[in-house]
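Letter by letter, the chains look like this.
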Amino acid sequence: MEYAIIVFGAIFVNNIVLNQFLGICPFLGVSNKVSTGIGMTGAVTFVMTIAAIVTYLIYKYVLLPLDITYLQTISYILVIAALVQMVEIILKKISPPLYQALGVYLPLITTNCAILGVALLVISNDFNLMESVVFAIANAIGFGLALIIFAGLREHMDLMDLPKGMKGVPAALVIAGLLSMAFMGFAGLV
Amino acid sequence: MSNMQNFSKGFFKENAVFVQLLGMCPTLGVTTTAFNGLGMGLATTFVLLMSNIVVSLIKSFIPDKVRIPAYIVVIASFVTIVDLVMAGYLPELHENLGLFIPLIVVNCLVLGRAEAFASKNGLIPSVFDGLGMGLGFSMALVMLGGIRELLGSLSVFGIQLIDMDGILLFILPPGAFIALGFLIAFINHLRKTT
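Top line first, the protein sequences correspond to chains A and B.
Position 128 of the first sequence, counted from 1, bears residue number 186 in this note's numbering, the numbering being contiguous throughout.
Position 184 of the second sequence, counted from 1, bears residue number 196 in this note's numbering, the numbering being contiguous throughout.
Here chain B stands alone, though its shape is the one from the complex:
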């Protein structure tokens, strides 16, 4: 597979959220606005990229039996870095994402790529895979966050479009499930007809 394919598959063909249904907790939990979705997506992309790089470099040194705990330590280190940096420089976003920042550790997407891709491929393909998967994940989060923000408060990235109350339900937890359900149904429809 070429690097371009490794990169682009994360957006549509193997999109983490829409197709593989990985990382659903942050997807549903933080997407009350498009900006929160973007922040979470980029934080996850950073962790995914760095863990893919490290795992692909050290894969030959790790005994097969302890590889999963080893990957988890690598991932948890980068999550801690993101957590501390975000708390220092973007305290407001850190407050909004809250619990879901440390929970990037157990995002099945990150561990899944380390196990399924980075542990079997070299450095360069792993970089492209990590970037593509991470940005595809971010795209999904921004889409869902955008839809919820638009319907829920009639604004986009914090800019009020119409000075009226939106459908509050879409900001509340039930709206996350329902919006994602219809979004996946729409993507399924597109995939079947193209």
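Excised from the complex, chain A in its bound form:
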């Protein structure tokens, strides 16, 4: 039951993109087509889950015992940057088709604030390891859901007749606002 609350809360109620404003850059950047949205979601799920596990272990077994929690930000971002590189190398060796599919999105992920954000949220929410994993996966699904719905909307937007100044990003932002409003319907459920 506890896990169900974490999952539902992360995907719908506190959607990472539409409610917490994390990962806006890829949300606006790679949401032109549904297919690229799916690729990005795959890459984010992969890295976010591993990053949450690794940063959790580092916090619990290195930063806390040594009493150096003020190094949290620096150590996390270095771990994430190294992790993205490693995932890229391993994926290239083990599964070329998967690398083909996710490859271009991986370097972008280092500066995706959703990854670092989830790693920090795991600590501030005081989750245990299993809850952290569930939380990371649920947030990745929430990210994917928002991204894919948004990409679907944007594909239709190209055909709309808009005032010149509104074309492109401004219209996309307004649509994101409407989408966010739709997700607010879930508020208070958890």
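These aren't lab readings, by the way, just hints derived from the structure by calculation.
Incorrect hints may have been included.
[To be verified] What follows is a list of derived Cβ distance ranges for each label pair:
#1 118/A <-> 72/B: 36 to 42 Å
#2 73/B <-> 127/A: 25 to 31 Å
#3 73/B <-> 243/A: 51 to 57 Å
#4 240/A <-> 170/B: 28 to 34 Å
[Stated by the list, open to error] Covered, in the sense of this in silico footprint (three residues per stretch, anywhere, with C-beta under 8 Å from a C-beta of chain A), are these stretches of chain B:
#5 80 to 88
#6 92 to 100
#7 113 to 122
#8 186 to 194
#9 199 to 205
[As the list claims (entries may be wrong)] A short list of chain A residues far from chain B (calculated; beta carbon distances all over 12 Å):
#10 63
#11 90
#12 147
Since this is a predicted model, take the numbers as computed values, not measurements.
Glycine included, every Cβ here is placed at the ideal spot set by N, Cα and C.
Once you have looked at the hints, place chain B on chain A.
Positioned in the frame of chain A, the structure of chain B alone reads:
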């Protein structure tokens, strides 16, 4: 390019938020009031200025291949400084900005200026670039925060103008997207007609 141009381009011509669309997460996330926007903008300006200074000074010592991780360590150090100082002296603002303070590390604006400007230019131009870009970013945040605060709670910098309820939507997450969308559309319109 003169120092003046390096400084002024951040406000209008190459404004981080309105033109380059960098640093969107804090822009949308913390601008519920003009004051929060200002706090976030100045924190980012400090990190940007300091990282530009350090990067422009050490650029010749860093091997090309590891430059990005090196820049990230420099930026993360200054973010930690801001985080601790703000928690000590401005606990209320620190509470409001919350998660977005450590997330300055992954603000593409900071890393973007280190990579695109400070790593190719000397100390003085980098100082002006960092200041201009940072203050331009702050200006954008204060504008968006001001608009949201005005429409959402009918107040400016915490001072109540009319004793009535505003349009609550603008304080909530959807309002951030919609207000920024129309603000960028307005700036686009100005840029095309001038």
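Verify this for me: three or more residues of the stretch 186 to 194 of chain B with a beta carbon less than 8 Å from a beta carbon of chain A. holds (count 8)
* Asked: Closest CB-CB distance from residue 90/A to chain B, is it above 12 Å?
  -> holds, 14 Å
Is it true that the C-beta distance of residue 240/A to residue 170/B lies inside 28 to 34 Å, as the hint says? holds, 31 Å
*With 25 to 31 Å as the target window, see if residue 73/B and residue 127/A comply at their CB atoms.*
holds, 30 Å
- If you look at each residue in the stretch 92 to 100 of chain B, do at least three have a Cβ nearer than 8 Å to any Cβ of chain A? holds (count 3)
(request) With a C-beta cutoff of 8 Å, work out whether three or more residues of the stretch 113 to 122 of chain B approach chain A closely enough for the coverage to hold. (result) holds (count 6)
Handout entry: Distance rule for residue 147/A, whose beta carbon must clear each one in chain B by more than 12 Å
Key = holds, 15 Å
Outcome for the supplied range 36 to 42 Å, where the beta carbon pair is residue 118/A and residue 72/B: At roughly 40 Å between Cβ atoms, residue 72/B and residue 118/A fall inside 36 to 42 Å, so the hint holds.
Claimed clearance of chain B by residue 63/A, with the beta carbon kept past 12 Å: holds, 20 Å
- prompt: Within the stretch 80 to 88 of chain B, is the number of residues with a Cβ closer than 8 Å to a Cβ of chain A three or more?
  reply: That given contact holds, which follows from 5 residues of the stretch 80 to 88 of chain B lying within Cβ reach (below 8 Å) of chain A.
If you count the residues of the stretch 199 to 205 of chain B with a beta-carbon closer than 8 Å to a beta-carbon of chain A, do you get 3 or more? holds (count 3)
Taking the beta carbons of residue 73/B and residue 243/A, is their distance inside 51 to 57 Å?
Once the Cβ atoms are compared, 54 Å apart, the range 51 to 57 Å for residue 243/A and residue 73/B holds.
The structure shown violates none of the earlier numbered hints.
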